[in-house]
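Undergrad: Start from the sequences and build out the full structure, keeping to the hints where you can.
Listed in order, the protein sequences are those of chains X and S.
Those letters in the first sequence? Residues 1 to 1100, by the working numbering.
Those letters in the second sequence? Residues 1 to 378, by the working numbering.
In case anyone wonders, no lab produced these hints; they're calculated from the structure.
Note that the structure is a prediction, hence the values are computed from the model and not measured.
Don't be surprised by glycine CBs; every beta carbon is placed ideally from N, CA and C.
A hint or two may mislead.
Stated by the list, open to error - Here are the simulated distance ranges between beta carbons:
hint : chain 1 : residue 1 : chain 2 : residue 2 : range
1    : X       : G565      : S       : K6        : 14 to 24 angstroms
2    : X       : E567      : S       : N143      : 13 to 23 angstroms
3    : X       : G678      : S       : G303      : 34 to 44 angstroms
4    : S       : R152      : X       : E567      : 20 to 30 angstroms
5    : S       : E99       : X       : R185      : 39 to 49 angstroms
6    : X       : K1026     : S       : G303      : 57 to 67 angstroms
7    : S       : E70       : X       : N575      : 20 to 30 angstroms
8    : X       : E567      : S       : K6        : 15 to 25 angstroms
What the hints assert, rightly or not - Just a sample of chain S residues kept apart from chain X, beta carbon distances all over 12 angstroms, derived:
hint : residue
9    : E27
10   : C168
11   : Y172
12   : E247
13   : I260
Stated by the list, open to error - The list that follows gives simulated cross-link-like pairs (lysine to aspartate or glutamate, DMTMM-like), each with its CA atoms no further than 25 angstroms apart:
hint : chain 1 : residue 1 : chain 2 : residue 2
14   : X       : K114      : X       : E334
15   : S       : K6        : X       : D84
16   : X       : K568      : S       : E180
17   : X       : K225      : S       : E18
18   : S       : K5        : X       : E495
19   : S       : K160      : S       : E190
20   : X       : K3        : X       : D84
21   : X       : K142      : S       : E180
22   : S       : K3        : X       : E478
23   : S       : K287      : X       : E571
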Amino acid sequence: MPKRTDIDRILIIGSGPIVIGQACEFDYSGTQACKALREEGYKVVLVNSNPATIMTDPNFADRTYIEPLTPEVVSRIIERERPDALLPTMGGQTALNIAVRLHEDGVLERFGVKMIGANPEAIKKAEDRELFKEAMERIGLKMPQSGFARSVDEAMDIVGRLRYPVIIRPSFTLGGTGGGIAYNREEFMELVKKGLSSSPIEEVLVEESLIGWKEYELEVMRDGKDNVVIVCSIENLDPMGVHTGDSITVAPQQTLSDKEYQIMRDAAMDIIREIGVDTGGSNIQFAISPRDGRMYVIEMNPRVSRSSALASKATGFPIAKISARLAIGYTLDEIPNDITEKTPASFEPTIDYVVVKIPRFTFEKFPRTDPTLTTQMKSVGEVMAIGRTFKEAMGKALRSLETGRTGFNHVIRKDRDSVYFEPTQAERDEIASMLKTPGAERPWYLAEALRAGFSVEEVCGLSRIDRWFVCQIKEMVELEAALKEASKKGGIIEEELLRRAKSWGLSDAFIAGLTGMDEASARKMARDRGVEPVYKCVDTCGAEFEAYTPYLYSTHEAPFFNIKGAEKRAECEANPTDRRKVIILGSGPNRIGQGIEFDYCCVHASFALREEGYESIMVNCNPETVSTDYDTSDRLYFEPLTFEDVLSIVEKERPVGVVVQLGGQTPLKLAVPLERAGVRILGTPPDSIDMAEDRERFDSLLERLGLRRPESGTAKSKEEALKVAEELGYPVMVRPSYVLGGRAMEIVYDRDSLADYMIQAVEASPEHPVLVDKFLEGAVEVDVDCLSDGEDVAIGGIMEHIEEAGVHSGDSACSLPPYSLEEGLLEEIKRQTTLLARELRVVGLMNVQFAVKDGTLYILEVNPRASRTVPFVSKAVGIPLAKIATKLMLGRTIRECGIKGDLTPPYVSVKEAVFPFVKFPGVDTLLGPEMKSTGEVMGIGTDFGWAFAKAQLAAGSRLPLKGNVFISVRDEDKPQILDVAAEFAKMGFHIIATRGTARYLNEHGIEAEPVLKVIEGRPHIVDRIKSGEIDMVINTSFGAQSVKDSYSIRRTSVDMGVAYVTTVAGAHAVVRAIRSLLEEEFAVKSVQEYHTETLEKTRT
Amino acid sequence: MRKNKKAYLVFSDGTVFEGHAMGKVGESAGEVVFNTSMSGYQEVLTDPSYRGQIVTMTYTHMGNYGTNPEDVESTRPWVEGFVVKEPCPWPSSWRYEKEGQTLDEYLEHRGIVGIWGVDTRAITRHIRERGAMEAVISSMDDNVERLYEKARGLEGLKGKDLVKEVTCRKPYHWQQALWELEGGYKKGGEAAYRVVAYDYGIKLNILRNLVEAGCDVTVVPAWMPAEQVLELNPDGIFLSNGPGDPEPVTYAIENIRRLIGKRPIFGICLGHQLLALAIGGRTYKLKFGHHGGNQPVKDLKTGRVEITSQNHGFSVDVESIKGIAELTHLNLNDHTVEGITHREYPLFSVQYHPEASPGPHDSQYLFKRFTALMEGQR
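TA: As structure tokens, then:
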């Protein structure tokens, strides 16, 4: 069928900020959709509140709205843009929910917007569990026994008919939020209550648990002519009971016979037809009984998903791009396969390798949360690795995680010298319990169990992990033992054994650790024996057709030869070109502190290289990203970002240089070792990076420049730390050197806390000293991103943080331009930034964090690399900083890049952080120097109030326009809260305050109703928040006790979805935002229009 | 455990892949082809169409769920050799009931020589570039020069009648229907059509599908004269798949010619090629054929695309049947003929395998089309 001509403008809704369960996979899919639709000649209108995405780059849509993702805002955009169609399947659950609301509210009908890709009926049928279940019954498929409950009583009725354990799933939530597994009545009651409250329709599903069943996913595509293909099968290593986002998953499926697989395939086709997904991709999950193969349908997502991103990367079949084409009327056979070029997309990819995905967790950031893996997703990122066999892929995935592990490292008696060991009873118990309870560490305990003499049957019995996987890992352990044995016999490891080790995915570093040599020697040993990686193509077809797209992975394959004299060697398909080329190192798995922002930068580097006539080569291992789309760069190496793997690619490709400053800490860590190995690092020299990170060198640099930073000292022991702190005076900020995202960073108010901290922190990283800084209480923090070509420096943007110093910059909201700083100070900030960039010989990007206290400027940190705020600044000022930085690294000057004058825009942009607290029950929501946010949103407005209001709305904070405001602040903050309270009162809010605050307010003429603190009896403030009487919470605390006392207020606010602020500055901002919302009509405007305004301003 | 003994795969062009022994320790020869199915290795092994061929599996893990008595397409494996990257010594499946039936053991017990630990992707690319090629697998001779000489001396499949090696000796009756998750193979129900199936190397799942579609099936040897077949008074005649080149199977072509117009005929794979030859068409050898479960075929009548299971090295020349038969199905990868129907007589055939096994079930409707044709001709 030809493409539709009855539509011209298409609206795409993005997925908003990165949260657990919805990450950059939707930037990948949305970007693909935008590209595909525009290539077909359609006009694309895009809305997404997340500035860190590639899709919101002004070049990717005709009109880009960085506006809050709410049905109200989107309907305003529809009213303004009048699109003909809405494609709702690219932005995850967020987009789907908004689309359904727009349909139900009649907005789509009113403005004549057609939904394409999925229709409202199909979405409803797939998402509403009752309807879905009926549909499955109609086509003869089984689902677990279950029932829906809208109250605790109804739930009790249902569970009476089932046997524990049972699963509780709230209806219409994201990533299974609020769900869980109950093993007894007590747990059940608790989970039902939580589930009911987290479901927007107050409904939960109570379901027979299939714990221990095998879990599978199929990625299905359907076109308008009812052609259906299965793109990929995925088998979860972790059996049912663990959210698929938290499971290790493997493609293709491994343990189903063809007869069973085809039955599942038939079921998937029946399902997509019955549900009525007209065109596009769906993800369908199945559970299979390991005992008799019985098959249950678990659920279906009628849209692209995390799994579809994975499946696209795993097979080379771009699901989102093809879904977009199908949505506008093409059929699968009309769309060519990009990789083979000569064959159509109406086929099923076959792969000749194994793909392993491992989730990345950050439980260390949320120490009070339960780290057990359940049906609610908790991971923040993932890595994918490709190998010819499961073992190779597994080994590569393990080292891709960047958790400091190089493979299946020992977790019991970590430094023991033997592979096998005799566990003590306590160790046996520990292993058994770690196998039984799924957690982030289970894979390593699995290997350890096999080393500790557990039988395969025991391991399978405890973990319910399929024997096939357990045996694979057992073979890896046996290989370890063989290597150890060989190394003991004089250290000579023969070619065959070494080749096997490498082809089974063992890293050089792991082999080195096992055989008592260093990594370089392990590498040399392998090379001396002719053992080196070769590269193979991901080609969708198992080599049946020639691949034209260089999407590559490394493997250690068996060499072969021709009898007529050709040399014996393994086949490598990399075929490097003779072009001038540059390698970009990506940022690896998403984690808190390093996420999509860096992928955005890397993708821009690729664009820059193309514009400058270089071949762009991307290296990354994160399947969610745009950077790992084979369409983004000229060549893609889907590889771990380790020294070993990167150096091998460099040796193969021989690039002009490597870009390390755009991918965050991951590539930065490799800069010095790569340079030592003779690799040219483009841009800022690695020595400067070291200078900025090394405290002593940095101090002397500041001294040279006459710049100031908070007084500080370095401590290598607890005693030293106490001494330094005594000299500086409390409070102090302490942290281990070389950390990212404020890991283990803390503000310490007294001697005892410092002593406690030193015991933990020094254990956390023994080889690095601890830094002790004077903490500048109440200071304003400022972030600056700048560009430098080595001579000239251009300030990209100056951002003033809303939250005071002490809150990690990644967690703080900020405003561009600054909203309270004086012109003179801004000039001084620019002067100091310029000085630093020159002194550090920065070529590319640099970020400086300042603190302003009592009019004095302090330098907190200098990062000679792209920072988290680069995409935000780029979008705020309309200049692609990362792209220009790359051009500077290639030798262009700032002048040549056309950057001149003041870039400050005539409007205000506010960035706000988004937190995963909802997913981590029990965790305190108080912000501090340790970063906890997973994502960010941007609000743009004519003034600060509007920009902040939009940012809050986008972050999901429901700012009230009337009602009750609760205020409780520490004594120091009381004078400053008066304005806030007065403003609220003026706007017609009723103020409720704790006794002290209330008295203070009353004394100053502001009416406030007193309320009891939690420790003062009932009904107290938490009771009132719970009963929905409070619309806004303003609560600041200081010191350990006060923080503890106010914990339940913050936590309850999060759980109840009540807007809250924990800083005075935040409260001021909120007041301005509410005033804007009350006084003016909400207006939307596209980024393209904003940027034109900036351009015009610069011109005049 | 996997066998550690050295083994070699030596091509007639002198390319030598060194790996380890699998299955029977010995030596064998054949034309090397690659199969892209990710599951269903036991069905592949037992497909008689692979007579004369060494099969390389492009997916790297084979034997994951072991072998079992059900997943067979004939009474024994027919491949001349089996080439895999990594065989599994510890299968995992509820269907794997009996120990001692790992892929390696299965091949060993049935006398099939295999090799593992070779770069199967490199082999696939080699075949893709140079075409299907003769080779020797040996796990008993490590003199590669000698193996090369043997490989060079091998004759290709062209012009060779392999059907006579795989067809049944005498007619038999078939009653088993399709496999189900609960209960395994069903027994056929009431049959409405009597079908005689020529066995040129028939896959059992074709028979199961015919039974499922309501046929009473009698399987007869490839050489059975047309007259004898008609004496059985069938409602329709089925022409099966089979190995190798259709041209030298002249007796089959002749018998088919005598049956045309007498009864509805349905042919699959080799049966399709023989039918094309019988109506005056020509066939030719493909560079490396189609072997796998993901080939897109378009039904030109409905415009719908089926994902099909395929296994053939020869193809019907579309020009040669112009005016006689109509092209009904087209391969979307290389635009070769996938199905034809006669302009005058009630007969149709497809190049691919609607019976799947291994592979997708998209094309099972063809068996219904056959019964409908028989119904219409009564």
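Undergrad: Decide, hint by hint, whether the structure agrees.
TA: Hint check results:
A beta carbon spacing of about 21 angstroms between X:G565 and S:K6 agrees with the range 14 to 24 angstroms that was offered as a hint. Here the CB-CB span from X:E567 to S:N143 is close to 20 angstroms, well matched to the stated 13 to 23 angstroms. For the pair X:G678 and S:G303, the beta carbons lie near 58 angstroms from each other, so the given range of 34 to 44 angstroms is not met. In this structure the supplied range 20 to 30 angstroms holds for S:R152 paired with X:E567, their Cβ-Cβ distance being about 22 angstroms.
Distance hint for S:E99 and X:R185: a CB-CB separation of about 43 angstroms, consistent with the stated range 39 to 49 angstroms. Between X:K1026 and S:G303 the C-beta distance comes to about 60 angstroms, which sits within the given range of 57 to 67 angstroms. Under the hint 20 to 30 angstroms, the C-beta atoms of S:E70 and X:N575, about 45 angstroms apart, miss the expected range. Taken as a hint, the range 15 to 25 angstroms holds for the pair X:E567 and S:K6, whose Cβ atoms sit roughly 20 angstroms apart.
The non-interface label for S:E27 is consistent with chain X: the shortest C-beta to C-beta separation is roughly 17 angstroms, beyond 12 angstroms. With 12 angstroms as the threshold on Cβ separation, the claim that S:C168 sits away from chain X holds: the shortest Cβ distance comes to roughly 24 angstroms. Residue-level check passed: S:Y172 sits 24 angstroms from the nearest beta carbon of chain X, beyond 12 angstroms. Interface exclusion of S:E247 from chain X stands, the closest Cβ pair being 26 angstroms apart, more than 12 angstroms.
The Cβ of S:I260 sits about 33 angstroms from the closest Cβ of chain X, beyond the 12 angstroms cut-off, so the non-interface label holds. Between X:K114 and X:E334 the alpha-carbon distance is near 23 angstroms, which keeps this suggested pair within the 25 angstroms criterion. Simply put, S:K6 and X:D84 have alpha-carbon atoms about 66 angstroms apart, too far for the 25 angstroms limit, and the pair is violated. Proximity of X:K568 to S:E180 is assessed by CA-CA distance (about 48 angstroms); at most 25 angstroms being required, the pair is judged violated.
A threshold of 25 angstroms between alpha carbons decides the hint, and for X:K225 with S:E18 the separation of about 48 angstroms lies outside it, so the pair is violated. Note on S:K5 and X:E495: the hinted pairing holds, with a Cα-Cα distance of about 17 angstroms set against a maximum of 25 angstroms. Distance hint between S:K160 and S:E190 is unfulfilled; the C-alpha atoms sit about 40 angstroms from each other, more than 25 angstroms. This hinted pair checks out: X:K3 and X:D84 have alpha carbons roughly 14 angstroms apart, not beyond 25 angstroms.
Only pairs whose Cα atoms come within 25 angstroms are accepted, and X:K142 paired with S:E180 is accepted, the gap being roughly 15 angstroms. Between S:K3 and X:E478 the alpha-carbon distance is near 16 angstroms, which keeps this suggested pair within the 25 angstroms criterion. The suggested pairing of S:K287 with X:E571 holds, with an alpha-carbon distance near 22 angstroms, which does not exceed 25 angstroms.
Checked against the numbered hints listed earlier, the structure breaks hints 3, 7, 15, 16, 17 and 19; every other hint is satisfied.
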